[in-house]
Every structure is written in C-alpha cells, then in structure tokens.
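Heads up: the sequence lines are chains A and B, in that order.
Residue numbers 6 to 102, in this note's numbering, belong to the letters of the first sequence in order.
Residue numbers 17 to 392, in this note's numbering, belong to the letters of the second sequence in order.
Careful: at least some of the hints might be erroneous.
Claimed, not checked - Cβ-to-Cβ under 10 Å is the rule here; a few derived chain B residues that face chain A: (1) VAL74; (2) PRO137; (3) LYS156.
Hints were generated in silico from the structure; no laboratory data involved.
Ideal Cβ positions, reconstructed from N, Cα and C, are used throughout, including at glycine.
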Amino acid sequence: MEKVPLSRIGKLFSFTTVRVKPPHFIGEVPYLVGVVELLEGERIKTLLTGCDQSGLEIGMEMELVIESVGRLKGPLGKMEAGTEVLGWKFRPLRKEG
Amino acid sequence: MMRNVVILGVGMTDFGRFPERPVAKVGAEAVLASLKDAGMGWKEIPAVYCAHAMGRTVDGQLVEAELGHTGIPIVNVSNACAGGGTAALMAYQAVTMGLYDLVLAMGVDQAPPGPLGGLFPPTVEGALGIDTWLGKYAMKIQRAIHERRYTLDQIAMASVKNHNNACLNPRSQYKIHMNGVEDVHRSRMIADPMTLYHCCPTGDGAAAVLFCTEEIARRHTTPPFIKFAGGALTSQTFIRGELADTREVTARAAKKAYEICGIGPEDLDVIELHDNFAVSELEHIVDLGLCREEEVGHFMEEGVFHITGSIPVNVSGGLLGKGHPTAATGIAQLCEIVWQLRGQAGQRQVNHPKTGLSHSCGGDEGMATYVNILKK
Numbered sequence: 006m007e008k009v010p011l012s013r014i015g016k017l018f019s020f021t022t023v024r025v026k027p028p029h030f031i032g033e034v035p036y037l038v039g040v041v042e043l044l045e046g047e048r049i050k051t052l053l054t055g056c057d058q059s060g061l062e063i064g065m066e067m068e069l070v071i072e073s074v075g076r077l078k079g080p081l082g083k084m085e086a087g088t089e090v091l092g093w094k095f096r097p098l099r100k101e102g
Numbered sequence: 017m018m019r020n021v022v023i024l025g026v027g028m029t030d031f032g033r034f035p036e037r038p039v040a041k042v043g044a045e046a047v048l049a050s051l052k053d054a055g056m057g058w059k060e061i062p063a064v065y066c067a068h069a070m071g072r073t074v075d076g077q078l079v080e081a082e083l084g085h086t087g088i089p090i091v092n093v094s095n096a097c098a099g100g101g102t103a104a105l106m107a108y109q110a111v112t113m114g115l116y117d118l119v120l121a122m123g124v125d126q127a128p129p130g131p132l133g134g135l136f137p138p139t140v141e142g143a144l145g146i147d148t149w150l151g152k153y154a155m156k157i158q159r160a161i162h163e164r165r166y167t168l169d170q171i172a173m174a175s176v177k178n179h180n181n182a183c184l185n186p187r188s189q190y191k192i193h194m195n196g197v198e199d200v201h202r203s204r205m206i207a208d209p210m211t212l213y214h215c216c217p218t219g220d221g222a223a224a225v226l227f228c229t230e231e232i233a234r235r236h237t238t239p240p241f242i243k244f245a246g247g248a249l250t251s252q253t254f255i256r257g258e259l260a261d262t263r264e265v266t267a268r269a270a271k272k273a274y275e276i277c278g279i280g281p282e283d284l285d286v287i288e289l290h291d292n293f294a295v296s297e298l299e300h301i302v303d304l305g306l307c308r309e310e311e312v313g314h315f316m317e318e319g320v321f322h323i324t325g326s327i328p329v330n331v332s333g334g335l336l337g338k339g340h341p342t343a344a345t346g347i348a349q350l351c352e353i354v355w356q357l358r359g360q361a362g363q364r365q366v367n368h369p370k371t372g373l374s375h376s377c378g379g380d381e382g383m384a385t386y387v388n389i390l391k392k
C-alpha cells in the first residue's frame, strides 16, 4: 500500500439537487451533490458549493474546498452530538486574475 | 449427481402497507398459499429457507411457530434486497444436490416508508449527504442523458409501463394508471431530474415457493413441470477509478447463470428484473444481454418490453408498480414467472412463454446480485 496525494481539481462527472432529506444527513435540503473525476481518474462523491444548479454543467472544471456541513445530530464514531463537521466540497474552478 | 428441480407450488400475499399485521402472519399467509397451490400440507415440509432484510434474525422460526411447530431446520437468509433470490438459489441447490427432496423458500418483509438508507448505521458519507440512493440514481440519469444513451422520456416510459402492468396485477401495492410520461414528469421532484414515479416504493409482503424433485412432482401433478434451471449470485469487484454500480455485477451474474443453464438471453420469454428506479430497468435490460445499449431506448419507445412485445419485462408491475417488500421481491418474481409459464397470469399473460428470468440487486449498489432462470 502506498499513499498517493490526489489532485485538488477535476471535472464534474455528474450532479443533482437532492430535495428529500436522506437518513443521517446533517445538512438542510435541497442541497447540491455531485461526482468529480480527479486528474488521476478517481471519482469522488462530493457536496458542491459556490454556485447554483443552473451554473453547473457536466465536464466543467471543479476545485476542492473545505467547508462546514453542519452539526452532528447524534454521535458518530468518536465524535459527540453537536460536533461541527467540516466536509470536502467542490466548486467551479475560479481562474485567478 | 445433479437432479432436476421442479417448482411445485407458489404463493404470495398482496403487496402494500399493513404494519399492524405481525410479520409471522404475513409470512404464514404466503406459505399457506404456496402449499395450497401444490396440494400439500405444512407437516410435509422438511426444511425452510426464509429471506428477510428488515425483521428479527429468526423471522423464519416466527413463521414456523405461526403455522405450527414441526421442529424442522430453518435457515434465515439475509442478503438485503437480493435475499429472496438467494434463498431460492439455496433451496434449489439443496434439492439438486440431494440434501432434501422438498424445500420451501420464502421471503417476508415489512419495510418502513421513505428511503431505505436509514436502516444502516450512520457513516461519514451519510452525514455529509453524498452517498444516498436518491442522489446516485439522479446522477445516473444525468450521465445517461449527457452521454445520449437514453432520454428522460425513455426512462420515464419504463415507469409508465410498469405502473400500467401493476394495474393488471391484483397483488400490486399501487394501481396507478398512467396516460404517459407527463404523469411521471409532473410528480414531485426528488433529485433533479428524477421525480417520485422514477422511484419504487418499499412496503410489506411475503412470497413462498416450493422446490422438489421430479419424483415428488409426479405424485402431485402431471408434466410439463416448471423447473428451476439454475442461477448465479455475485458480489462487487474492485474496478479502479469507477464508482460501484449495479451493472457489472448484473452482467457477471447473467453470464454465469446463462452458462450454467445452457440458456441464452435470446431464449427468454418473460423477464422480471430489478427496476428499483426507472433508469435501472433500461440499464439492466442491457446488462442481462436482452438488447444493446444503443437499442434499449428505442425499444422502450416501440413497446418491445410490453406484455405484448417481443421481450416482455416486468409484466407483474415490477418493483416500481407491484411494490418492493425487499427480501420478498426475489420470491415474488418467481411466483410471477411460474404463473406466466403455466398460463395463469390473467390480463398480463405473455403469449406462451417457456423460459423466464428473475434478477435483483441487494445492498448498496448491487453488493449482492442474483440471476435465477426457470423453464418449462
């Protein structure tokens, strides 16, 4: 086994707006979720941020950000209820000036 | 020596929601129906394989207690939504290998309303909301449309067809007649572009099937017998870079089952497959080798998969219309195929079928997947 750092950018493989609250989800509905294909070819399930659904298109370039998702309603692993959870999210790549 | 295995009797309850009925009574109703169908009594049954995904670990024994204690061996089979098909395969193996001459396979479940994921322990992905069935299937649709494999209308047509087939099935959970794809598109948005009628319901129900040797079958009925030709069970493999899905496991189970049975997809006359979401039906039609990816959408438009079409799929109403009491599904599919092969399917009868296939995927993205084949 070898640890390989993955790239922080990739292409949007698919996306949707989930409107029915999934079991155990700590955030609010509706929310944007997607799959991003990283440069290495791995596909990552991820929350999407920094845009609304109309701004998304399959194949567009995305970049990783770390943001708050919400607070745990119950314990999860070693984390207690109420713990703020930071999650990985992707947003449309912002070209720097 | 491998012995031929006959399906002597089948029975199922209505599918629906009856949470006030104990699971043992629901299961017992299906067992009694299958016994009546075979012309047998409960005391003659020497062993039971009972599938369930929701209940206690001894649901099979609770059903046995309801029917009267006979002290027989009972195996509880847990394989999520593939439990029914797995129990059937185990019962078949027990008879063909000579372990028993007669075995009952059954499935019984009472599944709560709403997305099924709540039954699993919380995970980080679940808390983040990134690993949900609704989201994943909506994204499958987005991909299929993007790749121009299927249109949203073609996907919705699977739902229209199966809901309308369910109207012809007295056992169905839902009898919602649909005039066209607009009825699907207009239903509540679940995860864009997937609406409510793209999604199968869960519910309550049970089904039972009696397997026996030809020798026992001859004592109760006359040929032609309906035989369990064989089947295959698969689980996922690791494919680098890809997200797990139900397609590769299905294709692999089908290939194995076809080899074992000496039957090809072109020989099948009636197919009950895993339409947990409407898009799954199109994918699995392809994965089972019934037609090619570039054909399936057009075939759906042309009515090829209708009761009167050349490849009838989910004539019972499928999971979408008949309902999906999880582990009962795989057994109920066999009930439908037996009724079809006997010519007892009433208004949804396919024209003189001789072979049938049953398929479902259990767990997250086909962790357990089976294909079972019957022939006359």
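Violated hints, by number in ascending order, as checked against the structure = 1
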